[in-house]
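Chains A and B supply the protein sequences, listed in that same order. Positions 1 to 260 (this note's numbering) are the ones given, in order, by the first sequence. Positions 1001 to 1445 (this note's numbering) are the ones given, in order, by the second sequence.
Note that these hints are calculated values from the structure, not bench results. Note that this is a predicted model, so its numbers are computed, not measured. Be a bit skeptical, because a hint or two may be false.
[Stated by the list, open to error] The calculated DSS-like cross-link candidates involving lysine-lysine, where the alpha carbons are at most 30 Å apart (straight line), are:
1. B:K1308 <-> A:K106
2. A:K238 <-> A:K126
3. A:K178 <-> B:K1336
4. B:K1045 <-> B:K1240
5. B:K1308 <-> A:K48
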Amino acid sequence: MKCSCSIWSLGFAVVAVAVIGTASADEWGVVKGKFVFGGAVPSAAELKTDKDQEVCGKHKLLAEELVVGADKGVANVVVFVRDKGVKVNPEVAKAAAAEKVVLDNKGCRFEPHVAFVQVGQELVIKNSDTVGHNSNVATVKNAPSNNIIPASGEVSAKFTSEEAIPAQVTCNIHPWMKAWLVVRPNPYASVSKTDGTFEIKDVPVGEVELQFWHEKAGYIGEMTIGGKAEKAAKGRKKVSVAAAGTDLGEIVLEPAIFQK
Amino acid sequence: MTNTPSFVHRSCYATLAFAIVVGAAAGCGKTQPASFRLNMVQATKTSAPEADLERPWEKWSQDRQSQVATILLAMFGTPDEPLALAESGLDEAKLRLAAGPVRSDIVGRKNGLYREHCVHCHGISGDGMGPTAAFLNPYPRDYRPGKFKFKSTWRDAKPTSADLVRVLHEGIAGTSMPSFALLAPTQVDALAEYVRYLSIRGEAELALFTYAEQELGGDEQLPTTREFLVDEILTPIVGKWAAAEESQIPIAAVPAGVDFGLPASDFANRESVARGRVLFLGDGGCVKCHGVTALGDGQANDYDDWNKTIVEVSKEVAGSLDASRQAPTGELSPEKLAEHRARAEWLHAFVEVLEGDALRPRTIPPRNLRQGVYRGGRRPLDLYRRLYTGINGAPMPGVGPSGPGGKGSVADAEIWHIVNYIRSLPYEFDGELGADRPMIAKDRF
Chain A
1 MKCSCSIWSL GFAVVAVAVI GTASADEWGV VKGKFVFGGA VPSAAELKTD KDQEVCGKHK
61 LLAEELVVGA DKGVANVVVF VRDKGVKVNP EVAKAAAAEK VVLDNKGCRF EPHVAFVQVG
121 QELVIKNSDT VGHNSNVATV KNAPSNNIIP ASGEVSAKFT SEEAIPAQVT CNIHPWMKAW
181 LVVRPNPYAS VSKTDGTFEI KDVPVGEVEL QFWHEKAGYI GEMTIGGKAE KAAKGRKKVS
241 VAAAGTDLGE IVLEPAIFQK
Chain B
1001 MTNTPSFVHR SCYATLAFAI VVGAAAGCGK TQPASFRLNM VQATKTSAPE ADLERPWEKW
1061 SQDRQSQVAT ILLAMFGTPD EPLALAESGL DEAKLRLAAG PVRSDIVGRK NGLYREHCVH
1121 CHGISGDGMG PTAAFLNPYP RDYRPGKFKF KSTWRDAKPT SADLVRVLHE GIAGTSMPSF
1181 ALLAPTQVDA LAEYVRYLSI RGEAELALFT YAEQELGGDE QLPTTREFLV DEILTPIVGK
1241 WAAAEESQIP IAAVPAGVDF GLPASDFANR ESVARGRVLF LGDGGCVKCH GVTALGDGQA
1301 NDYDDWNKTI VEVSKEVAGS LDASRQAPTG ELSPEKLAEH RARAEWLHAF VEVLEGDALR
1361 PRTIPPRNLR QGVYRGGRRP LDLYRRLYTG INGAPMPGVG PSGPGGKGSV ADAEIWHIVN
1421 YIRSLPYEFD GELGADRPMI AKDRF
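Given the sequences, and given the hints that come with them, work out the whole structure.
Okay, here's the thing in structure tokens:
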């Protein structure tokens, strides 16, 4: 027990330092960047849509495990602030709490492919298709669920705990359908768009630890930022956030990391 | 340095740890004391080589495995000497009745019930990989992920004691799981408690490896403080078991026009069965997998969660192995080459683990509802529960809400009509199947 006491007091010390450290800083900055594919743009394979063909067969669906835009932007890279207990801009938190996140079953695929929902925020999984779907949400820390969602139906869910890595959402009826759910305790996460850009707004000024994750690459452990090759164990990278904003610029991801 | 990791000795770590602590006292008897096997699939999956690794991967991963084995030994004891920490909520007296070799105690009471009745299928570690497991279809349950199918609680909740006892008492129709109705209630109780123990232990093991993967850097060790092991690892798991009794799903009143005392074909049930059929084909979504004719022919290439884990890692490893073989190694820097080697070592170890420590994955076909065999029980209440929450761990989704206060795709009371329709299926006239029926049940099996 003795050693645990010292850990507790250490914990208090850290908390005390954090309080003192943040008391003066109520400044926020944006963290942004752009993921660029370091090779030729790969072509996405066409998916085999062999269930409910009358409806799903109409859509020419492509695999979305690695989406690279025409200008080599890498989409669906998840970036989030990893620090536990990071200070959250109260206005951002308030705005986010009021907003619902929608994951739609549309055209026999999930829209968006990677959704970001905060702990406590409402997630609505709806079905805009004319066929029934089910959404099998494989969360680890939160209760996993698997509901039937009939045509034009919807279910809603709230999460009580963060997920260390994004949770997979699948449809057992249409096995090609897959999406990912990023569940974080604060608003500081972003999913890169088709042009490869991401942006996390209102991050407290100072040093934060970002984590990079992609469904095919897992934790992104290697990247080239500003022409300099960098290693990031478990996709973690410390950045210092300036009030004027921090732009990481082009972050080049080599094709090899997606071929693990 | 050899490229072949010595995973043949994998079961020795737990034994070794055991020997260090207990071996001295127990002496070196004729037979080796029983030991739990590590969850090697999880151990290997979570130990992909890190870029910043200072020691050789093989040594590093073995250290992590023995660390987890030592922690588990301290928290749960051994198959002969199970340990129930106060925080585990487990009853050590019951565990002792179920654990250890088959023997009689001082008052002539039978001990070692798990090894007498369960171990040959479910395995000493509750991993569902006992010696007979590979010959059974479906495979025996692996308790370690903490998922149970046939229960009265919300999908993600743990089963109640009564749920576990019921499965032991009734067996599972259509599988190799027999009924243990001939055992004394105290014995069944002891076995249910032991299943809980193996499951909590297995989930704790998963949590330890997952924590190591997600939170620890290359050479860091798992914390061994009580705060971490009890508060962070054990308590969340135990909390779910403790909440089982109050996590039972609500049972709607049976609506008018449903009489389970009469056959589904009786005139009294006619409208209800017709309504159930509409829901089966429509909002219930049942038709998607069980098919229009309910022969279970709508979808046949899906896996349950236990098999899916193996399928997914196998696919990943196979893909990685290809990529690793094709990668040019000639021009790599020494540092890159070391990384490449570590990764290749890991992949080869993984292949060995998948071959030696996992059963060949099998798909889970949707049930043929015309056979009248229901694994979770044949009472209308059992069918209601299966429909309401779906089947935990299986692809089967629920038509009820996913938690208290939620909204399902079919109203609670209406679920009884689907139950009634399912009840009618084994007895439905052949002619009613329609001209387009693909085949009849007996041709299918």
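Okay, the hints, checked on the actual structure:
For a cut-off of 30 Å, the pair hint linking B:K1308 to A:K106 stands: about 25 Å separates their Cα positions. Restraint check: the Cα-Cα separation between A:K238 and A:K126 comes to about 37 Å, which exceeds 30 Å; the hinted pair is violated. Taking the CA atoms of A:K178 and B:K1336, the gap is near 33 Å; set against the 30 Å cutoff, the hint is violated. Using a Cα cut-off of 30 Å, the hinted pair B:K1045 and B:K1240 holds, with the two alpha carbons roughly 25 Å apart.
Distance check on the hinted pair: B:K1308 and A:K48 sit about 19 Å apart at the alpha-carbon level, within 30 Å; holds.
Against the hints set out earlier in the document, violations occur for numbers 2 and 3.
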